[in-house]
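> Line by line, the protein sequences are chains H and A.
Numbered according to our numbering, the first sequence spans residues 1 to 255.
Numbered according to our numbering, the second sequence spans residues 1 to 153.
Check each hint, because a few of them may be wrong.
[Unchecked claim] Just so you have them, the derived chain A footprint on chain H, three or more residues with Cβ under 8 Å:
no. : segment
1   : 66-80
2   : 112-120
3   : 137-149
4   : 199-205
No wet-lab data here; the hints were simulated from the structure.
Beta carbons: idealized from backbone N, C-alpha and C, even for Gly.
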Amino acid sequence: MIFLVLLFISLLLFLLDRQGWLLKTKGFLGRPFFWLEEKIFTTHQGLFSRLGNWGLEEKEQEIMLLQGKLRQLAVDQNQLSVCLEENEKIKKLLGSPLPSSWRFQEAKVVGFAERLRIDKGSQESVGEGMMVVSENILVGKVIVVEENSSLVQRLNDPVSKIPVVVKKPGGSGFQGRGLLSGQGKNKLVLDRVFQGEDIQKGDLVATSGDEGWLPDLVIGQIQEVLPKSAEVYQRAQVRPLLDYDQLRIVFVIIR
Amino acid sequence: MSLLDSLKNLMFYLNLFLIFLLSLFQGAFLPINLVLAAVLFRTAVEPDPKSLLLAFFGGFFLDLILGQPWGLSAIIFLSASFLLFFYKQKFAASHPFFLTVFVFLMSLINDKLVKGYLSWRGSFLLAVLTFLFSFFWWQLFIRPSGKRINLKT
């Protein structure tokens, strides 16, 4: 009997939530839990970073600093090539407007389970489908929005699939097009790139602008092109430029 | 109310608090579904109506903290607990091997329904933790004599 009662209550909650009738209640009830969650998350990150740095040689810390600078260089190279292309287009089409409607909403990461939880929601104009970036590198897409928080699907999520382009660092145009899939834990695979397209280790992978994704957002670098087979498409391992486990502050692109 | 009943009530609230804490940790950083394992373990060890209540609240806390649709995890946890409850007459549900396999399968089903994909590594890790915990629990509390363990009661 108790099973049926509890099952009925669960089904009722599920249906009401699907209709969107529980949004305000979720926001109200969730607030104290998000605060607790954030405290636990911050403590966990602080503890692990202290343990991780314990015994770390100076040179290893220098390597981490240099890796951060390399990430920034990759982003700068991509932005430079985008600016060069845009410059050429402007010369040809005088007065053509550049997209200027992008606004950035800063958000703190407060939870790190399968998806990132951030502390901004519908109250701050965050909406479903909005892109999330960090250091101008794509992190993921907002998939669930509540009043005061949102859930972000990261690029390494196994259900994530993004149409991308492959570019030479510092070059213009792109070498190839493909589909980037998440494989969990900082692993990305580039697939559906035609065999004839020239992709190499070190090439940058950025969003193509198709299927609702904003264009020219850097994601990672090709780490290894997998051996060619008799198939139509070639594949590559892509190293994300960001360590998703270390994210603390991100930006939601509000359109 | 006798002392035993008071102790049983206290244990229920302690279990509820533990499940709440696990939900918070799962929301903050834990990649495996310890709430599911805790709920199923409790049902296997003490198959009473209170374990169904724990399953409901465990699912509710998890949905609230992870931002999942309310009621979804509660439905899954209730169904899994009910299965264990129903089969307690046929199998020793608290036996480590049985519970491990059950937790592994339920974790896979939960991941498929909630996230849309099967998380083999997470489910395997959860199963290993369940086996270790239930094995020691079985050795210490359920199997006091040196009799051979039977899967069927």
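> Are there hints from earlier that the structure breaks, and if so, what are their numbers?
Violated hints (numbers, rising): 1, 4; every other hint is consistent with the structure.
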